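Asks: Sequence:
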Amino acid sequence: MSSVIQFRFSSSKSFEAIEFSGLMIKLLELKRAIVEKRGLNRGMDFDLSVANAQTNEAYTDDDMMIQKNTAVVVRRVPATGGQPGLLARLDGTARPQHGAAG
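The sequence shown begins at 184 in the working numbering and counts up one residue at a time.
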């Protein structure tokens, strides 16, 4: 039996579903599923800001576990602080960051 997390981008009114197996999913895996579902894996690196749609609790640790049947609001934000962006963390390679020289 699959579990579901509902997500929507802050600019959207409707939620979309991400299906996964188990009772919880790691935040990084949820971000990976959103990137794949929305085709965001091209271009400059970025990060996704994810918060609970009901409580506005921000999920900040990629290892944080999110329970099934949770609804989240997602925002695409620039990769910051010299840290690798989401795409680099997902595939283990460095990608150019917005505004980076080279």
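It is possible that part of the hints are untrue.
Stated by the list, open to error - Below, simulated DSBU-like cross-link-like pairs (lysine-lysine); rule was C-alpha separation at most 30 Å, straight line:
no.: 1; residue 1: Lys209; residue 2: Lys220
no.: 2; residue 1: Lys196; residue 2: Lys209
no.: 3; residue 1: Lys196; residue 2: Lys220
no.: 4; residue 1: Lys251; residue 2: Lys220
no.: 5; residue 1: Lys251; residue 2: Lys209
no.: 6; residue 1: Lys251; residue 2: Lys196
As the list claims (entries may be wrong) - Estimated spans, in silico, between C-beta atoms of each pair:
no.: 7; residue 1: Ser194; residue 2: Thr243; range: 16 to 26 Å
no.: 8; residue 1: Thr263; residue 2: Ser204; range: 27 to 37 Å
no.: 9; residue 1: Leu206; residue 2: Gly226; range: 14 to 24 Å
no.: 10; residue 1: Pro267; residue 2: Ala216; range: 27 to 37 Å
no.: 11; residue 1: Ser185; residue 2: Gly264; range: 28 to 38 Å
no.: 12; residue 1: Asn235; residue 2: Ser185; range: 16 to 26 Å
no.: 13; residue 1: Gly265; residue 2: Ser185; range: 35 to 45 Å
no.: 14; residue 1: Asn252; residue 2: Met227; range: 16 to 26 Å
no.: 15; residue 1: Ser204; residue 2: Met227; range: 28 to 38 Å
Keep in mind that the hints were calculated from the coordinates and are not lab data. Since we're looking at a predicted model, the values are computed, not measured. Cβ coordinates follow ideal geometry from the N, Cα and C atoms, glycine included.
Asks: Hint by hint, note whether the structure agrees.
Replies: Going down the list of hints, with the structure as the test:
1. Lys209 <-> Lys220: Holds. Lysine 209 to lysine 220 sits at ~17 Å (cutoff 30 Å).
2. Lys196 <-> Lys209: Within the cut-off at roughly 25 Å; holds.
3. Lys196 <-> Lys220: Judged against 30 Å, a Cα distance of about 17 Å means the pair holds.
4. Lys251 <-> Lys220: Roughly 18 Å between the alpha carbons, so the hint for lysine 251 and lysine 220 holds.
5. Lys251 <-> Lys209: holds (11 Å)
6. Lys251 <-> Lys196: Between lysine 251 and lysine 196 the Cα gap is close to 21 Å, so the pair holds against 30 Å.
7. Ser194 <-> Thr243: 16 to 26 Å: holds (21 Å)
8. Thr263 <-> Ser204: 27 to 37 Å: With Cβ atoms ~32 Å apart, the hint holds.
9. Leu206 <-> Gly226: 14 to 24 Å: Violated, since leucine 206 and glycine 226 (Cβ atoms, about 34 Å apart) do not stay within the stated range.
10. Pro267 <-> Ala216: 27 to 37 Å: Since proline 267 and alanine 216 have Cβ atoms about 19 Å apart, the given range 27 to 37 Å is violated.
11. Ser185 <-> Gly264: 28 to 38 Å: holds (36 Å)
12. Asn235 <-> Ser185: 16 to 26 Å: With Cβ atoms ~21 Å apart, the hint holds.
13. Gly265 <-> Ser185: 35 to 45 Å: This hint holds: roughly 38 Å between Cβ atoms.
14. Asn252 <-> Met227: 16 to 26 Å: violated (33 Å)
15. Ser204 <-> Met227: 28 to 38 Å: holds (32 Å)
Of the numbered hints given earlier, the model fails hints 9, 10 and 14; all others are met.
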